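Residue numbers (this note's numbering), protein chains in the order written: chain A, 1 to 271; chain B, 1 to 127.
Derived by calculation from the structure, the hints in this document are not laboratory data.
Only a predicted model underlies this, so the values are computations on that prediction, with no experimental measurement involved.
A virtual CB, placed ideally from N, CA and C, is assigned to each residue, including glycine.
There could be a bad hint or two in this list.
Just the calculated beta-carbon pair ranges, DEER-fashion [what the hints assert, rightly or not]:
{"hint": "1", "chain 1": "B", "residue 1": "R12", "chain 2": "A", "residue 2": "G66", "range": "54 to 60 Å"}
{"hint": "2", "chain 1": "A", "residue 1": "R30", "chain 2": "B", "residue 2": "R21", "range": "36 to 42 Å"}
{"hint": "3", "chain 1": "A", "residue 1": "G31", "chain 2": "B", "residue 2": "T73", "range": "53 to 59 Å"}
{"hint": "4", "chain 1": "A", "residue 1": "G247", "chain 2": "B", "residue 2": "N77", "range": "48 to 54 Å"}
{"hint": "5", "chain 1": "B", "residue 1": "V49", "chain 2": "A", "residue 2": "E53", "range": "58 to 64 Å"}
{"hint": "6", "chain 1": "A", "residue 1": "R162", "chain 2": "B", "residue 2": "E62", "range": "26 to 32 Å"}
{"hint": "7", "chain 1": "A", "residue 1": "G66", "chain 2": "B", "residue 2": "V49", "range": "48 to 54 Å"}
{"hint": "8", "chain 1": "B", "residue 1": "E62", "chain 2": "A", "residue 2": "R30", "range": "53 to 59 Å"}
{"hint": "9", "chain 1": "A", "residue 1": "A166", "chain 2": "B", "residue 2": "I24", "range": "24 to 30 Å"}
{"hint": "10", "chain 1": "B", "residue 1": "Q43", "chain 2": "A", "residue 2": "A166", "range": "21 to 27 Å"}
From chain A, some residues computed to sit far from chain B (all C-beta separations above 12 Å) [to be verified]:
{"hint": "11", "residue": "N65"}
{"hint": "12", "residue": "A96"}
{"hint": "13", "residue": "R154"}
{"hint": "14", "residue": "S161"}
{"hint": "15", "residue": "F245"}
{"hint": "16", "residue": "K259"}
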Amino acid sequence: MSKIIVMTSGKGGVGKTTSSAAFATGLALRGFKTVVIDFDVGLRNLDLVMGCERRVVFDFINVINGEAKLSQALIKDKRIDNLYILPTSQTRDKDALTREGVERVLNDLSKEFDYILCDSPAGIERGALMSLYFADHAIIVTNPEVSSVRDSDRILGVLNSRSRRAEQGLEPVSQQLLLTRYDPERVEKGEMLKVDDVLEILAIPLLGVIPESQAVLRASNVGMPVILDEASNAGQAYTDAVGRFLGEEIEHRFVNPQKKGLFSRLLRRSA
Amino acid sequence: MSIFSFFRSAPRPSAVQAKERLQIVMAHERAGRTGPDYLPMLQQELLAVIAKYIDIDQNKVEVKLDRGGDCSTLELNIELPAREQLKSAMAAVKQAKPEPKAASGEGEDGKLAANGPLTNGGVKKRH
Ligand SMILES: Nc1ncnc2c1ncn2[C@@H]1O[C@H](COP(=O)(O)OP(=O)(O)OP(=O)(O)O)[C@@H](O)[C@H]1O
Ligand SMILES: [Mg+2]
Numbered sequence: 001m002s003k004i005i006v007m008t009s010g011k012g013g014v015g016k017t018t019s020s021a022a023f024a025t026g027l028a029l030r031g032f033k034t035v036v037i038d039f040d041v042g043l044r045n046l047d048l049v050m051g052c053e054r055r056v057v058f059d060f061i062n063v064i065n066g067e068a069k070l071s072q073a074l075i076k077d078k079r080i081d082n083l084y085i086l087p088t089s090q091t092r093d094k095d096a097l098t099r100e101g102v103e104r105v106l107n108d109l110s111k112e113f114d115y116i117l118c119d120s121p122a123g124i125e126r127g128a129l130m131s132l133y134f135a136d137h138a139i140i141v142t143n144p145e146v147s148s149v150r151d152s153d154r155i156l157g158v159l160n161s162r163s164r165r166a167e168q169g170l171e172p173v174s175q176q177l178l179l180t181r182y183d184p185e186r187v188e189k190g191e192m193l194k195v196d197d198v199l200e201i202l203a204i205p206l207l208g209v210i211p212e213s214q215a216v217l218r219a220s221n222v223g224m225p226v227i228l229d230e231a232s233n234a235g236q237a238y239t240d241a242v243g244r245f246l247g248e249e250i251e252h253r254f255v256n257p258q259k260k261g262l263f264s265r266l267l268r269r270s271a
Numbered sequence: 001m002s003i004f005s006f007f008r009s010a011p012r013p014s015a016v017q018a019k020e021r022l023q024i025v026m027a028h029e030r031a032g033r034t035g036p037d038y039l040p041m042l043q044q045e046l047l048a049v050i051a052k053y054i055d056i057d058q059n060k061v062e063v064k065l066d067r068g069g070d071c072s073t074l075e076l077n078i079e080l081p082a083r084e085q086l087k088s089a090m091a092a093v094k095q096a097k098p099e100p101k102a103a104s105g106e107g108e109d110g111k112l113a114a115n116g117p118l119t120n121g122g123v124k125k126r127h
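Make a model of the complete structure from these sequences and hints.
Written as structure tokens, this is what we have:
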């Protein structure tokens, strides 16, 4: 049986798609057959972040509507074995996502894949609700910023009341926090919420802290999941988070400012 | 930079304020989320009943649900119209009903006291 993960946040632009691409790639690198699905109907972006935008012929909605077979819409990643992308439609709207249709596609995928990762759109409307409805695990992507934290709490409420597991009285969707765009130096100056603050408020286990990093933009520019940039902080932080997701105990890195000598501090200031 | 700024107490870091604000707003939102789902209906129906007898301004209604350990209270705070209008409203009520319990609250400044009959405990429920 495959496991269904939703990457969700409530708030837009916090790093769901970046994290979905990284996570799916990380799981595939560990040998799990993984598919990542774009639920952001009308605002397709996962294909760009994964670098497969020119290979999209059929999409998720075509499959739901019976206009294409699943095998026609699935895109196999060129770099990594075991990794597939199911892109969404750029032209339809979210009403195209019916619960029955989504369920059918997920059922078919679960026969073949170990992990099905759903990249949720922002908001708490149909697309977001559909992406989390069937989830076994939820990764809550949050920025250390007031509106993002509050929206994450909203989404936790939705997961606990409107997911399939909640509606059917099953074991609740497991929930973990992925704190992204974290800037330890601003935290130290008291300008940004600390990891511990966010954890205290949301009260869910911490999966990882992804630092604010220029590598993320560089990676998306070239259509490469940032986890493949092994030299970058963000890439390493995602690799750690995937390990923790799989049950490994890995210490959190990138949570404290890097110790700098006076010289490099001076250099930085003049840079 | 003036020399006095050395003596000014350091302002609270903005991150500390962010945390406090979040804790307050989210405590409120979570309470609403786990509240009984009949609550909005109950509020509406209660207000509709009162509006049948008294001309109330919907903007001057405050409804609060407090969830204690084993006892929750629903508090209705309704600002009533000025005394003159209240009197005629009450007269109308008397005509409508011989013993108008609901409208016998002692209005002060046109406001029903918190312990007036109308708000007295509101709805109390033991779990
Ligand atoms: N760790 C990071 N460091 C720096 N920039 C980041 C980081 N994570 C994400 N970003 C940037 O933030 C922006 C939004 O990221 P992304 O598209 O992944 O968010 P999203 O939550 O999927 O947005 P939407 O809600 O619109 O779907 C992008 O420009 C991305 O490059
Ligand atoms: Mg996105």
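task = Given the hint of 54 to 60 Å, check if R12 of chain B and G66 of chain A actually sit that far apart at their C-beta atoms.
result = Given range 54 to 60 Å: holds, Cβ gap about 59 Å.
query = Minimum Cβ separation between R154 of chain A and chain B greater than 12 Å?
reply = With a cut-off of 12 Å, R154 of chain A comes too close to chain B, as the shortest Cβ separation is near 8 Å.
ask   = Range hint 48 to 54 Å: satisfied by the CB atoms of G66 of chain A and V49 of chain B?
value = This hint holds: roughly 53 Å between Cβ atoms.
key: Non-interface claim for S161 of chain A, where every Cβ of chain B lies beyond 12 Å   = Contrary to the label, S161 of chain A does not stay out of reach of chain B, its closest Cβ about 8 Å off (not over 12 Å).
ask   = Does the no-contact call for N65 of chain A survive, Cβ to all of chain B over 12 Å?
value = N65 of chain A clear of chain B: closest Cβ-Cβ about 35 Å, beyond 12 Å.
ask   = That 53 to 59 Å hint for G31 of chain A and T73 of chain B (C-beta), does it hold up?
value = holds, 57 Å
query = Taking 53 to 59 Å as the hint, is the beta-carbon distance of E62 of chain B and R30 of chain A inside that range?
reply = holds, 55 Å
query = So is F245 of chain A really clear of chain B, every C-beta pair being over 12 Å apart?
reply = The claim holds: F245 of chain A sits with its nearest Cβ about 26 Å from chain B, beyond 12 Å.
inquiry  = Is the claim that K259 of chain A lies outside the interface with chain B correct, judged by CB distances over 12 Å?
reply    = With a cut-off of 12 Å, K259 of chain A remains clear of chain B, as the shortest Cβ separation is near 21 Å.
task = Given the hint of 24 to 30 Å, check if A166 of chain A and I24 of chain B actually sit that far apart at their C-beta atoms.
result = holds, 27 Å
query = Would you say the C-beta atoms of R30 of chain A and R21 of chain B sit inside 36 to 42 Å of each other?
reply = holds, 40 Å
request  = Could you check the hint for me, namely that G247 of chain A and N77 of chain B are 48 to 54 Å apart, CB to CB?
outcome  = Hint holds: Cβ distance 52 Å, inside 48 to 54 Å.
Figure legend: structure checked against the earlier numbered hints; hints not met, in rising order: 13, 14.
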